[in-house]
Each structure stands twice: as structure tokens, then as C-alpha cells.
Amino acid sequence: MTLQDDFVTELQHAADRVEPVAALDGAAMGRRAVHRVRARRAALTGVGALAAVGAVVGLWQGTSPDGVVSPASQDVPDGWTPVAVGGVRLAVPPGLEPTVDGVWEQGPDDEGGDLVQVQAAPDAPLASPGSGLTPVDVRVPGAESARYVTEEHGDDPSFDQDFVGRLQVTLESGDVVQVSLVWVDGAEGEAVFSDLLGTVSVEEDAGHLPEPDGTAVLQPLDGYAPGIPEGWAKGAFAGLEYAVPRGWADDDGVADAFPAGARVRSASADGSSALTVLESADVAGWPDSIASSPLDPASTFPLDGADVVQVATATEDGVDRTTAHLRREGGRGYVVTVETPASADGRALTRQLLGTLGFDAAAEQVPTLRDLAELPTSAVPDTWRETSSGVLGLRMALPDGWARATPPDGVDWSAAGSGETVTVMAAAGHLPDRVPAAASRYEVPGADAAVVQQGDDSTADGEPCFLGTVQLRRGDDAVVLEYTGPRGEASEERFGSLVRSLRLSGS
Amino acid sequence: MTADGAVPVVAESSAEPFRVAAAGDTPADRFTAFAATSTPALSRIAYLLSGDEHRAGDLVQLALERTYRAWARVEDGDPFAYARRVIATARIDGWRRTRRDVLSDPADLRPAPVPDGTRTVVDRDRLVRALRQLPAAQRRVVVLRYLLDRSEAQTADELNISVGSVKSSGSRGLARLRELLGADGTTPAPTTTRKGTVR
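Just so you know, the sequences run in chain order A and B. Numbering-wise (the numbering used here), the first sequence opens with residue 1 and increments by one. Numbering-wise (the numbering used here), the second sequence opens with residue 1001 and increments by one.
Hints listed in this document are in silico derivations from the structure and should not be mistaken for laboratory results. In this text the structure is predicted, and so the values were computed from the model without any measurement. Be careful, since some hints might not be right.
[Unchecked claim] Computed from the model, here is a short list of chain B residues facing chain A with C-beta under 8 Å: (1) T1037; (2) G1051; (3) L1064; (4) V1074; (5) E1075; (6) Y1082; (7) R1132; (8) Q1154; (9) A1156; (10) S1171.
[Claimed, not checked] The calculated label-pair distances, taken between Cβ atoms and stated as ranges, are: (11) D250(A) - A1153(B): 42 to 50 Å; (12) V1163(B) - G318(A): 39 to 47 Å; (13) A348(A) - A1153(B): 23 to 31 Å; (14) D1078(B) - P220(A): 35 to 43 Å; (15) D448(A) - N1160(B): 44 to 52 Å; (16) A1153(B) - A490(A): 40 to 48 Å.
[Unchecked claim] Output of the computed footprint for chain A on chain B, the stretches with three or more beta carbons under 8 Å from beta carbons of chain A: (17) 1026-1032; (18) 1039-1050; (19) 1157-1169.
We put the beta carbon where it would ideally sit given N, CA and C, even for glycine.
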């Protein structure tokens, strides 16, 4: 039995002791499910549904000469609840209850249940370019104009897709209100949305307008202390400037970031406080929708040139662990982690450390694969022998005397020499377009692209090691090779030889 | 049952299709019997995935409703597997949560303090807390593949992902769990996000 097996067995034993949630009455929940589904079907397939079908035809296909269609009526379907919010009046379907401001949802389920939401229209267009959606003009009583789009939405194509309808109503004041419907049963959603459209009218005095999702205001970080205190040592990493108190030193003994070389960590002499800077291609690539959505809860502080500054703190075991996601506008992204004692002094130190952060010119440029420097490699010794991993046709040369090893669970292939290992595994996804500046590239025969990263790291057991990784892509496939060996130039040289020997065969 | 009376989670994970034990006169009767029988097992899975009893209850209710909607076509097959799949993929399916999931930094969720030297194995509460720190994709794979002992192919099928994704997500998830729980299950390890590594 391997260590991996032991660990999994231990996990399974722990999982075996997870008991059913005692408060749940399965029979009652089953009856509730039947009741809810029947109620929905009754609302949608009865007399009201016949009217709804008519509304669909009249509303969506009965285009008037000016291209604007009119709702069939302003009648509220039986069982629906009239509401007024944010300048509009409408009705919500049966079974939906108000939860948060401007939202009516199906019971307590917030994981994808039916939903009606009224909010200020986000800045994003009703139909984003390339979405294939075409907004349809519709007449809403009292409105300057109104348009809607409908689509199916769901990440798992094997499930029925959610129906999503969005209506944007422009008021005389110029405010734009968005009414959204999410209906889990996509087949029913169209009829429900048509009914919903038929109930919408403008009533400018109808309550305040809830803010759109993702635009919640980040609170200023209390106690933020900009500037570099006297005597602190300045540093910079991949375009992010920082400073740490005198006496702090680089700390590479914590295997807390990957890949090796893409982060720097500095810690106090007693180890009670530390600052880690990680360049993050993920943060650099955040779309606006994510970048503008704050962590919850989170705060922010002013940082010249940044378009993302989100800070959150978790406290445990007497340690405050503060994570700051930062991005230079149009440039690189970073994750800065500060660990300090959970005390007033510790919190003040955290804010002082964050106050030293700034960007230099390097932060403005996000490297692509083409921008990376080519990895300098070493000649492949004559004594090395070629071998195949069998993963995506990845072949390599290894020193004589190396042997195949039992790969850890989930790893497809591994080999080991004295104090050195190589593992290979097929990787999900693909290599990102944006890569850490600390990475290198290498032209591996047969691969579309290869990103190499190397540096000192630590094993899962905390032992210092040299870690080199190669991520290779061919088409939609990807494979990751990792080499570990003792820290030092010898391992770096052997890794260089290993990289030079790589090739992907077949197609 | 195990020695301490708990019902093993793996019990319902066999490849045999779930069969409704008590058949009633109507589809609703048969579905209600199915709900009564399967809710305990479903709730354990939901709890392992969510780490929260209230959310687990919501997930089970969601799964039951979707299963009843599909009852006509799943009753003669494997309704339990259908319901389990609803639960396992609920966070994906719940598109309104996607952005928040993306933003959730696993490092922001750390296990609660545990006394030193009082245990020699991973206890269930620490396991659940550690699971919550995994990205959703890794958590689903770890729960299905390892805790429910599904095969790689079964896990891939249930989550509608490739076997390669099961391997990579499972490997990374286990590595992360090992870090969080400590190699011997007693020592929490540093929790900064680690990307794409296999130890």
C-alpha cells in the first residue's frame, strides 16, 4: 500500500463518519418537491398558460410596422404577485418570494432556483458583442423605450438549460432599469417571460433602484498607512514594489506558491510575520465582470495605476492572514499575502506593509508566450537514454540508472533517480495566453507551446528542493512535467538537459 | 454500519442502479418513497460538498425537485444517480454563483483551530473544513472519486468532464488536502494558493 493509498483510506474513514443531516425529513421534502413542481405546472399549463401562449405569439412574433411589438395586455396572471420597485411596476410568478433588495426567488434555494430581479441596468450592453443575441424592441407603458433578450444558460449541456430573459426599460429620467428572469426549466421559461413582460409598466415613484450586481462599493481599508517607514528595506518583484521592516529576510522555506520562481516571500526573524508577492496571470486576465465584483467581504485602498485592489482578511490560530488581489490597469496581476499576529500591532503592521506597495514600469506589460525568454538548456549527456511517458506522446531522455516509479494517484507516469523525480500527467484545460514574467519558453518539437518555470521550492514535507516544470500544449491537449531534485546548480543543469530532450510524438 | 454506528458514505456508491424500495400507486407516491429512502445518503454527499447543513438541505431539496421533474424518464433508470448528479454539479449549474466561486480564494477559508496532539487520524469535521478550501472543481472530484469511491470513468461521466480532468483535479485536490491536513493528519500546513502542482 502506498502513502497515497493510506491517505485516501484515512480520508474515507473520516468521510464514513459524516452522518446524514438529521434535521431533514426525506418524505416531507419529497412531498414538498411534488407540491412545488405541481404548482408550477398548474400555473403554466392551465388556463393562464393558454393565454401565455397567445402572448408569446403576439408579443414576440407580431411585429408592428415600426418594428416595435406591444405586450398583449397589462393583466396580472392568476396567482402572480404585483410589485413595484425601482421605477417599474410588474408581477412575479407564483412561488417566488422576496429575498434581498429587488430579488424574488424560489424559496431558500440560492443555487440556481427560479428568480426575478429588478436592478439598475449594468454598464454592459444588453447583448454583448459576439453573443449572437439580438435585442428586441418592446413597448412598455410609460417608458421611453424598452428592449429585451432571451437566452438559454447553463454550464452543463447534459442538463436542461436555464432560461434567462433580460428586459431593459429606459425611463423618462434617463435611468435604465433591468428586469431579469431566470427560470430553471428552460422549456417553461419562455412562456413565463412573456407573461412577465406583459405586466411591466413604468411607475417612476415606485421605490428606489437597487444597484446592479457586481458594483457593490468596497469599503476603504481602515488604518491604511501609505508610504515607506524609515529604515524599511525596499524590494520589487515582477513589477510590484514593496518594502519590509529592517531585519526581515527572504524566506524560501515555505512551499506556499506555485510555480517556483513566480513569487517572493519575506519574513520577520521570528517568523511571526511575512509578506508574499505572487505574480498572477489569473488576476491579470480577469474580465471586467470579475474585476469589478468585490470579494465578500472585502475592502480596498488607493494604489496608483491599479484597476483592481481587493483586500480580505481571515483570522485563525492567532494569525491574521490578509490577501490582496491587485492589478495594474492594463497590466500584470498580483496576489499579495500578509501574515501578522492577530493583534492591534499586527493589524497596523499589515496596513503599513500594504502601504508600501506600488507598481514599476514592468507591471504595465503582461508577457505573452512570445515575450518570454528562451530557457537556456544544457546538452543532453550521451549516457542518457530516451524513454516514453506514454502521455500525449511525450518522450524524454533520462540518466542511465533511472527507473520507472509508481506514480502518485492521479499522476500518469513517473520515474526516479537518486534524490530526483520526474512526473508527467495529462492536464486539464490549456496554457493561458498570459504567463508569469518569471517563466521561460522553449521550442519543444511536436508541441504548439511550452512554458518552463524553475526555482527553489519545498516538498510537501517541507524539505528544500529545486522544482522545474514544463507545461506543454498541443491543440486542446496539455501535459505537465515536473522535475524535483536537490537545490543547486547540478539540478538546474540536469533539468535543462531534460527540457532539451523533450519532444511530443504522434498527433 | 461501521463500528461506531455511522453509515458509510461509500455504501450508496455502488455501480448498481438505485431501486425504489417502496412502490406506491402513483408516480408521486413512488417518488415520495424514493425521497424518503435516499435523502439521508444525498444529504451526506451534499454536506461533504458544501460543508454546511443548511446548504446541504437546500441542495437535497433542489435535487429532489429536479428529480421529480424528470421522474418519468429516470424512475426506471437510476434516480439516485440523477439526484446525486444534480447535487454534485449544483454550483456549476447555479450560474449566479459562478462569479462568486471564481472570486472565492480558497486561502480565505482556513480550518478552525484544532488542539495539537489529540488525534492521530483526520477527523470528519477537519475533513469537511479542508474540503471547503478546495476549488469547487477539485472538491467535486475528490468527493466523488475518493470519498465515494467512484471510478475515474464514473466520476468523469457524472461531472461531465474528461478522465484527464478527473486525474488532474483529483491529484491536485488530494495534494491540497494533504497540505491542509498535514501529512499525518495532525498538522495544518500553510494555505497559500498553489497552482498546478503535483507532489
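Going down the list of hints, with the structure as the test:
1. T1037: 7 Å, holds
2. G1051: 10 Å, violated
3. L1064: Holds, about 4 Å.
4. V1074: 13 Å, violated
5. E1075: 13 Å, violated
6. Y1082: Violated - the Cβ of Y1082(B) stays beyond 8 Å from chain A, reaching only about 10 Å at its closest.
7. R1132: 12 Å, violated
8. Q1154: Constraint on Q1154(B) not satisfied, violated at 15 Å.
9. A1156: Check failed: Cβ of A1156(B) comes no nearer than 11 Å to chain A, outside 8 Å.
10. S1171: This interface hint holds because 3 Å falls under the 8 Å limit.
11. D250(A) - A1153(B): 42 to 50 Å: Holds, at about 46 Å.
12. V1163(B) - G318(A): 39 to 47 Å: 43 Å, holds
13. A348(A) - A1153(B): 23 to 31 Å: Once the Cβ atoms are compared, 54 Å apart, the range 23 to 31 Å for A1153(B) and A348(A) is violated.
14. D1078(B) - P220(A): 35 to 43 Å: Given range 35 to 43 Å: violated, Cβ gap about 53 Å.
15. D448(A) - N1160(B): 44 to 52 Å: For D448(A) and N1160(B) the Cβ distance comes to about 26 Å; the hint is violated.
16. A1153(B) - A490(A): 40 to 48 Å: At roughly 42 Å between Cβ atoms, A490(A) and A1153(B) fall inside 40 to 48 Å, so the hint holds.
17. 1026-1032: With 3 residues close enough to chain A, the hint holds.
18. 1039-1050: Since 8 is at least three, the answer is holds.
19. 1157-1169: Three-residue rule met by the region 1157-1169 of chain B, so holds; n is 8.
Hint compliance for this structure: hints 2, 4, 5, 6, 7, 8, 9, 13, 14, 15 are not met, and every other hint is.
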